[in-house]
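What follows is each chain in one-letter form.
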Amino acid sequence: MQTSHRLETLFWRWTERRSPRARQVTLRHRSIYVVPSLSSLGFLLATVLLWLLGTNYQNNLILATSFFLIALFFITILHAFQNLSGIKLSGLNTQPGFCGEIFHIAIEVAASAQGRDHYLTLTESAQSEVSVVVPARGVVKVNLPVQTQTRGWLSLGRLMVKSHYPLGLTRVWSWVYLDAQALVYPQPKPAQLAQHFGADGDSEDGARLLADDDFIGFADYQPGAPLTHVAWKQYARGGELQLKQYGGAEQDSLWLDYQRLMGDVETRLSGLCYLALQWQKSGRDYGLLLPGLRIEPACGESHLHKVLKALALFDLRDVS
Amino acid sequence: MSARHLSLPVPTLGWLLITQALILLPLTVQLPIWLTGLALVVMVWRLQSSRGRWPHFGRWYKVLVALAVMAGLAATFRNLAMNAMVSLLVAGFVLKLLELHKPGDVRALSYLGYFVIGTQLLYTSGFVGSVYALLCVLVMTVTLMVNHVGAVPAGQFKPIRKVFMMSAQALPIMLALFFLVPRIGSLWTVPLNSATGTTGVSSSMSPGDIASLMQSDEVALRATFEGDIPESRQLYWRALVLDHFDGRTWSQSSIQDVKARSYTRWRESDRELQVSGKRYDYEVMLEPTDENWLYTLAAPASYSEGIWLSRGMTLYQRDAVSQRQQYSVTTHVNYTNQAEGLSELLRRVSLRIPRDSNPATRTLAEQWRRQAPNDQVLIQRFLDHIQADFSYTLQPPTLGEHSVDEFLTQTKAGFCEHFSSSFVFFMRAAGIPARVVVGYQGGRINPVEGYLTVRQLDAHAWAEVWLEGQGWVRVDPTSAVSPERIDRGVQYSLDSADSELLGDAWSRRFFMLSNLQLRLDAFNYRWHRWVMNYDKAKQKAFMQKLFGSSAPWLMVLYVMAAAGIMVVLILLPNFVGKRAQRRPFVERWYEKLCRQLAVQGYPRRSGEGARDYAQRVGQEAPELAQLLAESTALFEQAVYQNEQVSHSRLRLLLHLIKSKKYR
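Respectively, the protein sequence lines represent chains Y and V. All you need for our numbering is the position in the first sequence, starting with 1, plus 1119. All you need for our numbering is the position in the second sequence, starting with 1, plus 366.
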C-alpha cells in the first residue's frame, strides 16, 4: 500500500515534469499519451474473425478487408495523436466567487497551427467534464465547473484533456497543469458583532480603533472580555470586578472587527463576509480590522472586493 | 423509455440505417426471404420510432421477436451450412437495432457490420462486388466517425473527407500486409451451400439433366492456354466417367466414384497411360461447384499439387470446390489409355447392363455383332445409322420405361444425353466395353483476353469404348448427328425455337450487350487471376522476385517499413516546427511599404497609427503625400472594413513610392 502510494506520487511528479505548470500550455508529443480504447477490442475481434474467415475460405478479398481494418486502426492512432497535438490551452481570469459555489474556471483552447478541427474533452474531476469542438485555426472558451470547499486561491488541479477521436478506437489524453486561478471568498454566514468594549488608556496599536473616548459608565464583568477593559482601579479599591464602558457604538463609519466576532477563524471570516455584503448593500462606508491588517473605511464595488480578498487570503496557513 | 431512444442523434441513426441497407442488399439473395422482410420492417420501425411516429416496444416484445427469429432460422436451415451462419449473423445485425441506445451500441453494431461485409465477399468476388464491399467498409467507417464526433459543426462532409483521407493513408499498409503476410491453409470446412441448382454436371445422368443445365449461360470455367488453344473438336472437358446403368440413370460405379477418394485413384504402377504428341499447358479457373471433381482435357500428364487423377482419367481433389479455384494442367492430345489390356473387373463393369431393360436394342445389337467383322465396323455402322435419320433437338419427346428402345426405334430425336446413353448401351449389348463421360464440350474464346470461357450451356455427354490394342477411345455419337454442335458450339446447331431455350438467348440478340459482357468478363477474369488467386506459392515467388528472399523476418521488416513511412508522412508537420500561418497579402504589403519608407529616411515610430504616419511623412516629403494618402486609404479599407482591394494597384503604389527615392 505504502509503495503503491509512493509510486503513484512519483508517477504524477513525472507527468508534471513532462508538462510543467504554466499559464499557457501547448500540447506536444512529450505530454500526449495514446492507447487503444477498450471498445477497440471489439474492432480487433472483428478483424481477427475476418482474417480467420478469409484464411479458411482462402478468400483474398476477405483477407484484404481484414488487413485494411488493421491498417485503418494503425492510422487512427496517428490521427488520434494529431487531434491533441499542437493545441494551446490558456488559463483566463476567472470571476471570484464564494466558498461552496460552483466556479467556472475559464480556459481558452486554441487550435493547432496545422489547420485541423479538434475534438476533445476537458476533465478536472468526475463532476467537471466539458466536451468541445475547436474549429480549425479557431479559439474556444471553456468554462470548467469546479466546486470548492475552501477559501483562498482556487488553483486548477490536474486537468485531463482527452479524446476518442476519430473513430472511438483510441484513447488519447494529456495531463495538463494549468496555472488558472480563481479567488474564493469565505462563505457568507449570518453573524452579529458583539457589544464593543473600550480600551483602558491610550494604546498605539489599532486594536481600539472602534471606540471614541467618551466614558459612559461601568458594567458587570463578563468572562472573555479584554483585560484592558477591566476597571482595575475600582477592583484594587476592593470593589467588584467591573468593566469600563465607552460610548459611540452608533456611527456613520463602521468597522468590521475580527475581534468582535465569536467562534473559530473560519466562522469569524464567514461572519465578516456576510456583514460586508450587508453593509455594502446598505450603502454606508465601512472598514476592516483583521489581526495585523487594516483597511480604511470606504465604499464601492472595488472596496468590497478589496475587503473580501483580504478575508479570503487571511491567515491561509491554517486553512491549508 | 422514449428519452433513451432520443439520446441517439439523428445523423448517427441515419448513417447507420443507410449503411445497414447497403450491406444487406447483396446478401438478400442468400437469405431466406422472410428474414429480408423482417430486416426491412425493423429498420423502418427504428427510423419511425426515433422520430416519435411509431410506438416503442417493451423488453418482452423484443425477446419474443428474437426467439421467433431463432425458431424461424432453425426451421429454415436444417444443417449448419454457411448460409445458415450468415443468416444468423444478419439476424443479430438487424435485431440489434431494437436495442440501440448508446454510442457504445452503435460501435458494437459497426464492428459486427464489418464482419457481415466480409461474408458478402464469400458470395461475390468479382471486381464490381469487391468495389461495392469496399464502399460498404468506407460508409461503415463514416458511421463510426459520425457516431463518435456527434454534431458536426460545419457541413456533413467532414467525416466523409476524413474517412477517405485515413483510408488512403491505410492503403499502403494494407497492400504491404496483403502481399507479405504469410498465407495459411484452410482451418476447417463449412459447406458454402450456394444458391440452389448447384452449377456444373452432376454425378449421375437421368433424362433431362443436361438439357436443364444448358438453359443457363453461367460461366462454368475459364481456361488460359499458354500458346495455342486446341481445336474445338478436341475441347472435351471431362469431369466424370459414368459406367453404371440402372435402366434409366447413368451413375458412377464404385470403381469410378471420385467421392470414394483414394480407392478411385489412378495406379501409377500400372503405367497404363501413354502420352505423346502436342502438349498444351493451361490454367483452369473453376467456378464454385460444391463438388470435388475438376475438369480437364484428355489426357492430363501433370497437374497442380493436391489434385489426383482417377481411374477414369478425370481429375478430382479431396475437398469440394467452394470458392473459385485455379489449377494448372498439362495435357497431351494423343494418348493411349489401358491399351495393354483391360482388367477383368473393369471389363465386367464396362459390359454390365440390366437384364430386362430395352430388349429390342439388345436383340439388334447381338444381330449387328454377328454381322460385323470387327468392333470398328460395328461402331461405324451405328454412327451411320443415327446420322441417317436422327435429329438433334433440345426438346425431345418423353421416353418411357425402355428408353433406349423407344429412342432408337420411335422418337429418333434428342441431344447428347440420348445419343451417348443409347450408344453405350448398344455397345455393351454388343459386347464392347463402353462408358459415358460427362463434362463440357467446346467453349468460347474471349476476343479481348484470348482465354476460353466454358459455360453451363456447353454441358455435354459423350462415350468411350475400349478397343483391343487402342485402349479407351472417345466416340461422340452427337457429332455424327450434329457436327456443328462440336465444331462451332451448341448455339449454331439448333433451330431458332430450340436455341431460345439456351441460357444466353437474350444477350445473343444484342450484339453490343454481348460485346460489353465479354469485356466485363475479361476484366473480371484478370481480377481473379491476379488478385483473388494470389496464394502461398505466388506470394513466395513475388517475394523472391522483389527482394531476392522470402524469409519471414524480411516480410515483417517490409510491413514495418510501410507503416513507418506512413507515420513519418502523417506526423511530419507536427514536428517541423510551427508552420507560420501566411498573413494576408495586404498586411505583408504594408510591412514592405513601411520598410521602404524607412529606407528612404522616414521610419515609422512605435505606436504610430497608419494615418498619422502617412500625414507626418507627407508633410516632410510632399512628393510622397498623394501616394501615401491613397496607400493608407486602401490599407484601411482592406484591413478595417474587410473590403477587397486591387492587389495590382497596391503593387503599383509601392513601386511609385520606390521610384521617388532618388529625387
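Be a bit skeptical, because a hint or two may be false.
[Claimed, not checked] Calculated pairs, DSS-like style, for lysine-lysine (alpha carbon to alpha carbon, straight line, at most 25 Å):
id, chain 1, residue 1, chain 2, residue 2
1, Y, Lys1207, V, Lys778
2, Y, Lys1281, V, Lys428
3, V, Lys528, Y, Lys1207
4, V, Lys644, Y, Lys1281
[Claimed, not checked] Stretch-level coverage of chain V by chain Y, calculated; a stretch enters the list once three of its residues show a Cβ under 8 Å from a Cβ in chain Y:
id, segment
5, 468 to 478
6, 894 to 908
7, 973 to 981
These aren't lab readings, by the way, just hints derived from the structure by calculation. The beta-carbon is built from N, C-alpha and C at its ideal position, and this holds for glycine as well.
Going through the hints against the structure:
Using a Cα cut-off of 25 Å, the hinted pair Lys1207(Y) and Lys778(V) is violated, with the two alpha carbons roughly 93 Å apart. Between Lys1281(Y) and Lys428(V), the direct Cα distance comes to roughly 37 Å. Violation of the 25 Å bound is thereby established for this hinted pair. For the given pair, Lys528(V) sits about 23 Å from Lys1207(Y) by alpha-carbon distance, which is consistent with the 25 Å threshold. Taking the CA atoms of Lys644(V) and Lys1281(Y), the gap is about 72 Å. The hint is violated against a cut of 25 Å.
With a threshold of 8 Å between beta carbons, the proposed coverage of the segment 468 to 478 of chain V by chain Y holds, since 6 of its residues qualify and at least three are required. For the segment 894 to 908 of chain V, the assignment as covered by chain Y holds, since 5 residues bring a beta-carbon within under 8 Å of that chain's beta-carbons and 3 suffice. As drawn, the segment 973 to 981 of chain V meets chain Y at 0 residues by the rule of a beta-carbon pair under 8 Å; below three, the given contact is violated.
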